[in-house]
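Q: Make the full structure from the sequences, and use the hints.
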Amino acid sequence: MNKFLGGVLGTATAIALALPAAAQTIDYGSLEQLFGEPVTTSATGKPQRASDAPVSMEIISADDIRRTGATNIPDILQRVVGLDVARFAVSQSEVSVRGYNSSFNPRLLVLVDGRQVYLDHYGMTNWDALPVQMAEIRQIEVVKGPNTALFGFNAVGGVVNIITYSPLYDDVDNVTVRTGTQGYREGSAVTTFKLGEKVGVRLSTGGYNAENFDTNVTDPGERDTLSLSPRRRSLAANVLAQVTPDSQLGAEFTGVHERRTEMVNSYFYANGDYELWSGKLTYTANTGIGLVEATAYQNVADVDAFTSNLNVAFNNTVRVAKIQDLFKVGTDHSFRVSAEWRNNQLKDISGTDAKVSYDVYSVGGMWDWAISEKWNLVNALRLDHLRLDRSGPFQGGASAPFTNDDYDRSLTQPSFNSGLVYKATDIDTVRLSVARGVGVPSLFEFGNMQASFFGPFFFGSYGSPRLDPTIVTNYELAYDRAIKEIGGGLRTSVYYQTNEDVRSASRPLVSSPLAIVSETDNVGDSKAVGAEASLRGKIGSDWSWKVGYAFEVVKDDYEAFAATAVNHEDSTPRHKLSAELGYTHGKWEANLFGQYISSTDMLRSSSDFLTVGSSNIPSSLTLAARVGYEITEGVQLAATGFNITQDSQRLTSGYPEERRILFSLSSNF
Amino acid sequence: MQKAAVLLLALGALVSAPAWADVGAKDVQVIAKTVGFTTPPLTGQVKVAVVFDAAAAASQKDAEALKGILGAGLAAGAATLVPVMVPVDQVEAGLDGAAIAFVTTGLSAHYDKVFAAAKAKKVLSVSTDAACVQAGRCVMGVKSEPKVEILVNKAAAEASSVAFAPAFRMMISEI
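Chains as they are written, first to last, in this note's numbering: chain H, 1 to 669; chain L, 1001 to 1175.
Just so you know, these hints were derived from the structure itself, not from any lab. Virtual Cβ for every residue (Gly too), placed ideally from N, Cα, C. Treat the hints with caution; some may be incorrect.
Calculated cross-link-like contacts (lysine-lysine; reagent style DSS-like; alpha-carbon spacing at most 30 Å) [to be verified]:
| hint | chain 1 | residue 1 | chain 2 | residue 2 |
| --- | --- | --- | --- | --- |
| 1 | H | K423 | L | K1143 |
| 2 | H | K423 | L | K1147 |
| 3 | L | K1154 | H | K374 |
| 4 | L | K1143 | H | K484 |
| 5 | H | K538 | L | K1147 |
| 6 | H | K538 | L | K1026 |
| 7 | L | K1067 | L | K1119 |
| 8 | L | K1113 | L | K1067 |
| 9 | H | K423 | L | K1026 |
| 10 | L | K1122 | L | K1026 |
Listed below are several chain L residues computed to face chain H (Cβ distance under 8 Å; list not exhaustive) [said to hold, decoys possible]:
| hint | residue |
| --- | --- |
| 11 | G1036 |
| 12 | T1039 |
| 13 | K1147 |
| 14 | K1154 |
| 15 | R1169 |
Every beta carbon over 10 Å from chain H, so not counted as near; a handful from chain L, in silico [what the hints assert, rightly or not]:
| hint | residue |
| --- | --- |
| 16 | G1044 |
| 17 | D1053 |
| 18 | A1055 |
| 19 | D1096 |
| 20 | A1116 |
| 21 | P1146 |
| 22 | A1167 |
A: Have a look at this one:
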């Protein structure tokens, strides 16, 4: 008899275990409780334990999120080894996986419960305009490396899938208020409730007001821009209903309005006004042919970018309908088959009736083969067929380099992920993987149009239908070891990545005293090699720790015309070293995080475009800390600081980042 | 020759020894957490028949421990697992009204009898004895240390008219 048994005799009847009612949608909480570790679907599409995933990934739990004290997701992702976070303004951070970061980074697929929340006009993510409150996030799943075979375009650098609490399975009620430096004032509320036994609802709302970093604005053209006071308002409603014992219907509605100052893709500051709306329906059923899930959603983005001299509007609508079936054949083979249609359009380009759009038709499959107790092989393949279209006028008329007929173009691209997992022992796991990802050009890159006559002189900058997708191929070897003695484990990986047809920069087509005309074009190829290692553990019951190191070298082979637009080789830090220490005791919890990043060079443009160049960013050491105290059951008071050792520090090619101090009061009830 | 016989006996003992054993509270909790993943999920008062052989010390010990762990009823989400002690020689009648049959260790001589009863009563047979699952005489085996492992014998499940949710099946080992 297990000696542990004696100690629990007589008390076990008091144990209450949360269990699923009838789980068609993945019940993360119950599965995590059952298996004793986080569960994910982001690696292969099928639910699996994090330790079984055939890719390099990190899962950040709700507890981890709270302990950071972060008010936004980039401040959390900064702690993931191998991720790059550049905060260009108080409300703008750019996140990339394994280098290749840039303003308006288009290489990352960001999802909330499987719905894309990156914005297709640039393929970028506005992290401050995500329709989620921190308190409603169950976990954040980060997949490193391409995964377009599962998720489709944009997942070339990696995937960040934000999983929220289920309206039907989870019970979350939270109110949080925060205040701090930079005039920061935030409030948020999340609640879940049941309508009868079969319908669960989750409502959330929140918003903040802030001031930009108080900086010495050296570019006169940017002074007005940086005087803006960023703010956000968001709301979301989620409903999940148990329609029959074997099926569930879900509905989601979100809305966000955000105004912020941002470093745009051309590396100057502008203001952005984002109005984002989405609606989603999901139907999931246990059927005789497996677990079938059908999803349809629409994202609408009305974005205005403006400075004192510039006003550009983007009107982007994305419609997605997809269906997938997860099933098991025999005892060792799991499959996922999927089909997807996506319609993506950018309307009213440059204030005209011009519209650029494409439809993508996709089919995919995943095969997970449990070869033996020790060996597992996962293969995923997806084929995307894209049909591009354009209608409406061209500014510049006959001087424009393209006609609408040039946009009658189609692309067909395969992507794949293949991973072999070898569980050498109960504590040692080796993963070997190769993946091919496809990054489709953004609608802006396809359809941008900014053209004017200045007397006899003509200036025209155009997107191009001739752009090729970027193909990212990643080869990776990883080794993980659980180390009982330290209450944690070691994770390591080495990788080699090639990037073909990297996008994009304006290539001059005509350059004369009477005209300058350019088109957006691919800039060349790039390669990267890197290694990551992290070690985490616990000391006693109160202390936890983690150290991490990431090394990466990027080698660009870009054409000369791209020199002032794209530079990944110099902007990717070669060394990143981080350490984190956590303490929990009774009503107290504390967290300290430090990160060293080696020097880089980032691009920077003046607001009048006359000066574009490289800006050196010295190596940096930043510290963040948080102390929390539970003043009464469920009510926590916390103080959090970012970049706490310096009044301000230059961490990007933008203006310096100030110290940020926040005080929060959070109540779970 | 004698050495060879001893070696063969030892090897035989190794082969026949259960890979998992020693039921503990964590194992019981794992079992309890799985009942919500059966289709349809088990809810309400769920009778757990703890099948034991009073003549086998290990079995008797397991049974007593399980009785203690489950107590008057172990709440598990929408289900409450209520134990009933069932001597193996009364297993046919003992499984009446039961949804789960817990096969204690040391019952290998009675696998066929227990499984026949479980099959007839459409009962989920579970054990920490992997040999029972591998022999196709238990539907589900669990192990909680060093990490949770769940093994399901698909043929035994089908024979017992027991089914599991697809998501659950994706995350466990089946034979």
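Q: Take the hints in turn and mark each one as holding or not.
A: Results for each hint:
1. H:K423 with L:K1143: holds (17 Å)
2. H:K423 with L:K1147: holds (13 Å)
3. L:K1154 with H:K374: holds (20 Å)
4. L:K1143 with H:K484: holds (18 Å)
5. H:K538 with L:K1147: Given that 30 Å is the threshold and the Cα spacing comes to 18 Å, the pair holds.
6. H:K538 with L:K1026: holds (22 Å)
7. L:K1067 with L:K1119: Holds - the C-alpha atoms of L:K1119 and L:K1067 are around 23 Å apart, at most 30 Å.
8. L:K1113 with L:K1067: Measuring from Cα to Cα gives roughly 22 Å; hence the hint holds.
9. H:K423 with L:K1026: holds (23 Å)
10. L:K1122 with L:K1026: The hint holds at about 26 Å.
11. G1036: Holds. Min distance 3 Å.
12. T1039: Holds. Min distance 7 Å.
13. K1147: holds (7 Å)
14. K1154: holds (5 Å)
15. R1169: It holds, given that the least Cβ distance between L:R1169 and chain H is near 5 Å, below 8 Å.
16. G1044: The assertion about L:G1044 holds, with a minimum of 12 Å to chain H.
17. D1053: holds (15 Å)
18. A1055: Nearest chain H Cβ is 17 Å from L:A1055, so the label holds.
19. D1096: Answer for L:D1096: holds, closest chain H Cβ roughly 24 Å.
20. A1116: Non-interface label stands for L:A1116: nearest chain H Cβ at 23 Å, farther than 10 Å.
21. P1146: violated (6 Å)
22. A1167: Incorrect as stated: the minimum Cβ-Cβ distance to chain H is 5 Å, not above 10 Å.
Checked against the numbered hints listed earlier, the structure breaks hints 21 and 22; every other hint is satisfied.
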